[in-house]
Every structure is written in structure tokens, then in C-alpha cells.
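Colleague: Sequence:
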Amino acid sequence: MRPGQAALNLATVRARYRRPLPTSFYDRPTSTVAKELLGAWVVAPRVRGFRVARIVETEAYLGDDPASHSFRGRTERNRSMFGPPGTLYVFRIHQVYCANAVTRPGQAVLLRAAESLDGGPESLSGPGRLARGFELSLSDDGASLITGRVRVVEGDSRPPTVTRTPRVGISRATERNLRFSWSGHSAVSSPRPWARGAA
DNA sequence: TCATTGATTTGCT
DNA sequence: GCAAATCAATGAT
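Going by this note's numbering, the first sequence opens with residue 897, and the numbers climb by one from there.
Among the hints, a few may not be true.
Taking lysine to aspartate or glutamate pairs in the EDC-like style, the calculated list, with each CA pair at most 20 Å apart, reads [unchecked claim]: (1) K931 with D961; (2) K931 with E1071; (3) K931 with E1050; (4) K931 with D960; (5) K931 with D1052.
Everything labelled a hint here was simulated from the structure, so no lab data went into it.
Using the sequences and the hints, build the whole thing.
Modeller: Pasting the structure below:
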């Protein structure tokens, strides 16, 4: 099945929303979770039906990681990073919000890009756009991706190949290949790794 | 208390 | 390609 051609069945989405990815999915090494999240769906109820998007790009932020918000220990801002696996960590950068899935204490996966499956015209390519697409804000920080409004559920397909590259927009630990993207997927945010040297 | 910085996006040059 | 927007957390005085 090609991206964008998912048969979005309301009953299927509703059933999966009731059976989201469990705590045990998140309670694994963060890099593993970051990779496994590719292809999963982010689902949130709408006035009518559901908002559904397929994750195509993530980044892992580890415990012993100078680029992670948790690197200097627990603070007021990052407290939800120390919540149980499957906690939603939302923070603001400049004028936008970014959403993370907490794995193990002090570690999280940044949701960088997704492909809208519900016909929504807005782009979800980029962490700020993704968070905005699901109307996430600071009020959602600390919520659960398992029992909360916004949930992550099993998707309908897996990326044929996954590209690993350095993370975007950070100034420390820039050499680590902790960005995971669905190879060749058009919804992956810029810079697209496979487009290097090409138009 | 003050200055600096940023896990981004957008628009202009 | 590059800088502005815009503000609170963070680190330095």
C-alpha cells in the first residue's frame, strides 16, 4: 500500500483507539521505541470521527544525552519526562509546541512528522506542525498516550526501510544518529536525508 | 535580577 | 540562504 492510500475505516480506528499501544511498548530502549513508532498512528477524537496520522519521523532523546532536556536532571519544565512510560511530554520552543512520548525515566521520543490519514489538508511535517495538527499545548503535558485524549495505536503498515541520521536543530551531541525516518516518505520533514545532493 | 538560548517555522533576499 | 519572530526556562551575575 502506498502512503496516502490507507483505507481509513471508522470502526477500525475506534477499536484501535480503545486498544492503544500499551505501557510495555514504551518501556524499552528509547532508540527501539523511536524506530518502532514509525508507521504507528496518532489518534485523537474530533467533533465527528477521529484525527488520524501516521508517524513517519522521530528522534530519540536518551538519558545520558547532552541534547536531552533531562540531561541536567529533573526540573519544572521536564518533570513529565520522568513520568511512566507512555506519558506525553509537551514543551514549547519559540512559538510552537513539540510532542514527545516518554519511554524510560528521563528519556523520550520526539514526534517529528506524520502523514495525515483523515483527509486533513494541513501539513504535519515538522514537530511544531504535528503538535499543532492535534491541538497540543502545555495543557496536554503529562497526559497519557494510553488513556488520554491523544493516543498512539497500531498502524496498518511498516516502513520498508528506515533511515538513521543525526538529529535536527540541536547544538550538542550532533553526531549521534538518533533521528529515524521512513525512507523516501514525502511527509518526512526537511532536511530529507535521501535528498542530499538532489533537488 | 539580567542576559542568553532554543528538539521551529516562516518569509524575505 | 538567512534572519526575524517571541518568550520562558536556564545559567550567569
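Colleague: Within 20 Å, alpha carbon to alpha carbon, are K931 and E1050?
Modeller: 13 Å, holds
Colleague: Please verify whether K931 and D960 have alpha carbons no more than 20 Å apart.
Modeller: OK: K931 and D960 at ~19 Å, within 20 Å.
Colleague: Keeping to a limit of 20 Å between CA atoms, is the pair of K931 and E1071 held or broken?
Modeller: Between K931 and E1071 the Cα gap is close to 18 Å, so the pair holds against 20 Å.
Colleague: Are K931 and D1052 close enough, with their CA atoms no more than 20 Å apart?
Modeller: 15 Å, holds
Colleague: Given the hinted pair K931 and D961, is their Cα-Cα distance within 20 Å?
Modeller: Distance ~18 Å between K931 and D961 Cα, so the pair holds.
Hint check: no violations occur; every hint is consistent with the structure.
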